[in-house]
Amino acid sequence: MAFFILRRFGVMILTALCLTFVVFFLTNLAPNLEKLAKTQGNARMSDAEVVSWLDRNGYGGPLIMRYGEWLGVVPGWVRLDAPTGQWRGRCLGPGDTPETAPRFCGLLQGDLGHSTVSDDEVSNIIGGRLALTGVLMFWAFAVIVPSALLVGVLAGMREGSRTDRVLSTFSIGTTATPEYVSGVIFIVLLASSQTGISPLLVQWGWLDGGTLFLGSARSAMDGANFWNFTLPVMTIAFYGMGYIARMTRASMAEVMTAQYIRTARLKGVSFRNIVLKHALRNALIAPFTVIMLQFPWLLTGVVIVETLFNYNGFGWTLVQAASNNDIELLLACSVVAVFVVLVTQLISDIGYVYLNPRIRIS
Amino acid sequence: MEPLSWSGDIGVFLNPIIIGATVVFAAAFLLNLVLTLAGQRAGEMVINADHSLSLQRGPVDYALLAMRYAVLVFLLTCVGYVIAGMVVADPQRAGIIGAMAAQLTPVWIGLVVLFAVSISFKRRLGLYGKLFDSPIGMTGFGLVMFWIFTAIFVQSIAPHGPIDVISQMRNELPGTPLPSPAEGQFQWYLLGGDNLGRCVFSRMVFGAFEVLKIAPLATLFAFMVGITLGVPAAYFGGKLDIGVTFVANLVLAFPVILLFYLLVAPEIVAAGIPNYLSMILFLFPILFLVILFNARYRTQPGLRNVIVAICIGVGGMAYLSLISNASDPDLPMLFRLWPEALDLFDVPGNLLIVFVSVVFVNSPTVFRIVRGIVLDIKTRDYVAAAQTRGEGPWYIMLWEILPNARGPLIVDFCLRIGYTTILLGTLGFFGLGVSPESPDWGSTINEGRRLLTIYPHPALPPALALMSLVLGLNLLADGLREESLKD
Amino acid sequence: MTNLSGGTRTTHPVAEMYAREYKAGQMSRREFMVRATALGVSAAAAYTMIGLKPAMAQRVTPPMGGKLRIQMQILALKDPRTYDWSQLGNVSRGLLEYLIEYNRDGSFSGILLDSWEANADATQYTLRVRPGVKWNNGDDFTAEDVAANFVGWCDTTVEGNSMAARMGGLVDSNTGQAREGGVVVVDPLTVQINLPAPDITLVPGIADYPSAIQHRDLIGTNPLDHGIGTGAYKIADHQVGISCRLERNTAHSYWGNAYLDEITFVDLGTDPAAWFAGAEAGEFDMTYETVGEFVDLFSAVGWTQSDVTTGATVVVRPNQLNAPYDNVEVRRAMLEAVDLSVVLELGMNGQGTVGENHHVCPIHPEYAALPPMVVDKAAANARLAAAGHADHNFTLISLDDGLGRFTCDAIAAQMRDAGMTVTREVLPGSTFWNDWLNYPFSATEWNHRELGVQILNLAYRSGVAWNETGFSNAEFDRLLDEANGIQDADARRVVMARLQQIMQEEAVTFIPFWRSLFRHYREGVLNADMHPKFEINVHHLGLAS
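Chains as they are written, first to last, in the numbering used here: chain E, 1 to 362; chain U, 1 to 487; chain H, 1 to 545.
Mixed in with the good hints there might be a few duds.
What the hints assert, rightly or not - Taking lysine-lysine pairs in the DSS-like style, the calculated list, with each CA pair at most 30 Å apart, reads:
no. : chain 1 : residue 1 : chain 2 : residue 2
1   : E       : Lys38     : H       : Lys533
2   : H       : Lys78     : E       : Lys38
3   : U       : Lys378    : U       : Lys239
4   : E       : Lys277    : E       : Lys267
5   : H       : Lys78     : H       : Lys533
6   : H       : Lys234    : H       : Lys134
Quick caveat, the hints were computed from the structure, so don't treat them as lab data.
Construct the entire structure; sequences and hints are all you get.
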């Protein structure tokens, strides 16, 4: 088991290295750097000025060396700025000289670099944003997991029954409704003072002005409550739950046809006890792995929802960083994203092994 | 001219029926729910003393029966709207629904013919025929074919062009007549106008064409790439397997949305990255076909040479035409080498990018599925038999293993088209889509979303269209899976 | 508010002439205010000259205290000279004040200047510094500060310093710095500006958002780093793309009045739909700007509307350095094909007035009325064919969002109606602005300027930095020089008529409309009216108790 985890860990690091290098490569392509120079310096720079700007700001060296600097395995660049007589460098603050500053400053040293658009340290930015997304994800999962398992188990325990048909169609329906469709429909129905049910409620006097739910989750960043957080959570949960529900249903249906269940039925165990005591545990192995693998998949949903509801979390930051070519912020985002994907894969594998008595890895 | 009502004169007869059916359904549903909660069970078979069976109907059964008939009446009334709309022909009497039904006449004919032919020959049509045994599969197939026929007959269905602007019609409600229609022009905007005064109904119809132009083809390419890599990786195993699996996992670990932002950005496009990608990805279909036929006709060199030559000739020509565009000065030199005279067609840059990105994102998943299936199949006896027969590995892979893997692959293909459609919509949503005026559903939803709270009518039709197509594909996949498991 | 209203100098002889013209009905009130106050006459005095109650009195005095939230984009702060968005000025205005303020009625009033005056031919300006103003580090605000800022503004070696262009003749073209003897400190409260040639745009120039006044030792620094200013507020929290919070600086005794305790700018992105959702969710009390359909929508949910007519527009221009737009016939055909009233309707939701394809707005004092341009789609198509470009595919580039996009869609549709082939291309802001000057055919939003000649100088003179049309015409440049020296707007109008004509004849660009700008705020927000240049002076704002 230890060897298995160790090996998986090795593969994980290798994957993370490859991926960050790809992101680094794509964000550091010549046209992207030119764009960076022009947005940071001056929109009307000539080509020669762009080259000199890039040189002065440490974008001049070979790509692989700069990647090394970012990782923290190659010493950060330093350069004496001729006109001002000041030292400039990757690891240098204002007024520092190469002697006083650390030689390496990269990912390994815990330095994520500098966000060019926000003009701030990446580490200052990304922590708070991740926490916000964490809250959103937590509530989304708090809705998804129980409801999806319930729907899946109810549908799967009597395969082919009317309940099964209705619930299965419902879960297929939710998987066919991406966030950008359900989000807009929710807003029209529940969070508009012009259409949907809010004007009706106002008319009936159940609501004094405004809308039932809030169509913008900005206030949820300071304090999430039922009214400002329901729509973003529901939008993510709606699309996410269908898939898990179907997996649970399939798994449950398979378990219900297993020999030991049939034996239990023939022994006269009540249906309720069969489901709760015998079938459920085995039926939940497959959904568990699916739930873990759902994390990275929900990331796209989080990006859409955070954009739609103006919730400045991780997904929103990712979109901002990507559309402004904020290289180091984008790299930090991809490190986080890749880390989440790989860790959930690892947990899903380990969990599968633990839960399934038939699998043993030596 | 008067604005159209939703159901016109037809509604006078049909609206009460459909409302009645809905009310009956809702009442019966509530009754059923209450009775079930109160502990009433559906009637069960009772074996009588004379060995005959009888069903004792309880209140629950009657409620269920009422629900069933209500649904039936509801569906029949819907058909009634369509037929009446086609018969009446005059939109002012047929209403918006009737007029839309009339516009969609080619689709109805196509669907009826297709279903009639398919159902009458279903026993001879293999897996496809079996689909017509499953109501779910049939519903899904119907929905998908509805949109496919819509895309095929788009020119005769859409009353207006996708980017025809009539400025007075901006944000007008469904059924609004044109201010000064030209001779022979369709005189209404059936589903209203969008924020630029374009016909929402026409744009939705053209959107079907846009989506169905890209999604299935991109999925097909993704499958060719996935199969070409997945089958040998699983069959040979070893270093090849480890290598390709690692790369596939690499792409899978990438958050899709980040990947798209990186690939579709104008700067990356200017650097030619999508062209390099397409250069690699589009090679796989040719490779696949060449290996396929080479393995099959290895024993008949004459025929083999002819077929392989055709494959390479036609495929190569299409390949070079696809990836190069001599007239675009922004591209790297490599993609401008192929002479314009031999360039059969030029794919607009942003379309190519979207296409390539979608293929790139989908291929690793297909690879994983194919690999899993082949790992399972290669232990079967018929594979061992072929090996002892002395068949080459490629023959076994492509002509023994692959045909036996088709069931799950076809199912996944359907699901994946749906997923690709959603993905294309996501691209449109983030403004990374095909072109700004493109009527594709994702972009129109995104545009309509801005004014959603005042004018929901431009955003809802494409949203519902996208939902119904994906739903159809999912149902179709479900039906296929169910039927293929019955084998 | 009397302490805000500029100087109480004796009136200017030219201003008195303007007053006579106003009374004779030859000039609108707005024109009069712009011209008289630009000469150093205080707004109050100017109103008195024409026998009106001062408009400044329209600003009410709010009660002290309160917290206000304003929806506005938050960008990374930087050296004020290099500001490129008015939002930056609005954030720093609570800290860094301006010498002169441009009011929404078109007049100028002194903030850090007590008064100013120009000599008869507008070559010498005397600026009198407001006494008793202190920096929040305890230093006195003196003429040295003003002079140091002028020198800083003239420094052309600073990348992106847009003040240098506004300083005009004050910059020595040989050294790229302030002219020797151009900025003279007469005494601790007086600065004299000496120009080599008449320049009537100096006052509008130093009232613009990049001219925030920094401490004399801190020229060229980012205010966020040092926090030193004369304003009543301090920047308590600043997060790009999210929010910015200004708090009353209790350690500092502000020279004037500031009412609110706290102002928070909330960034809800660039999508107006998100702003509206935020408004319905109660996340702010006042918009930066309300656009398009949302104007009616905000009013419908009970917010107070404030609007102002401006010379802001969307310039949809071919670049003459690119074929086939170097051919004047092609450009003429394009202009001939497009009915601008339709573009106003579709692109701007009808909120504004129809343009005339030249960049001088009817509200500019020197605007000359010209006969309307002819729209003839058939003739346009024939003209294009005659020029040999009948099958040219016009690619029209715009931002992926906002007015420019819809305006371009509308123009593209009109050109298609005339049988031309048009492809639309949209780019995200980050990409678009990289190359906005050089696209062959694209759209740019231009904000309002106080005088007509200002924009012509900025954008249409041969070879100037922001010349995005590639237009270069010797006669045009010569006439523009001439116009720059004419202080009397009526005399200038004669020259302007010809300048406007040249723009139309040469078919330089589409100027489809003049925008009306809108803003909405909740009931109880005071002094929050829309400003033609989007300025928000946080010192004026207040909340009714």
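Taking only the CA atoms, is the gap from E:Lys277 to E:Lys267 under or equal to 30 Å? holds, 14 Å
Please verify whether H:Lys78 and E:Lys38 have alpha carbons no more than 30 Å apart. holds, 15 Å
Does the structure keep U:Lys378 and U:Lys239 at a Cα separation of 30 Å or less? With a Cα-Cα distance of about 18 Å, the restraint between U:Lys378 and U:Lys239 holds, given a limit of 30 Å.
For a C-alpha distance cap of 30 Å, please report whether H:Lys234 and H:Lys134 respect it. holds, 14 Å
Holds or violated: H:Lys78 and H:Lys533, Cα atoms, limit 30 Å. holds, 20 Å
Starting from E:Lys38, check that the Cα of H:Lys533 is at most 30 Å away, please. holds, 25 Å
Of the numbered hints stated above, none is contradicted by the structure.
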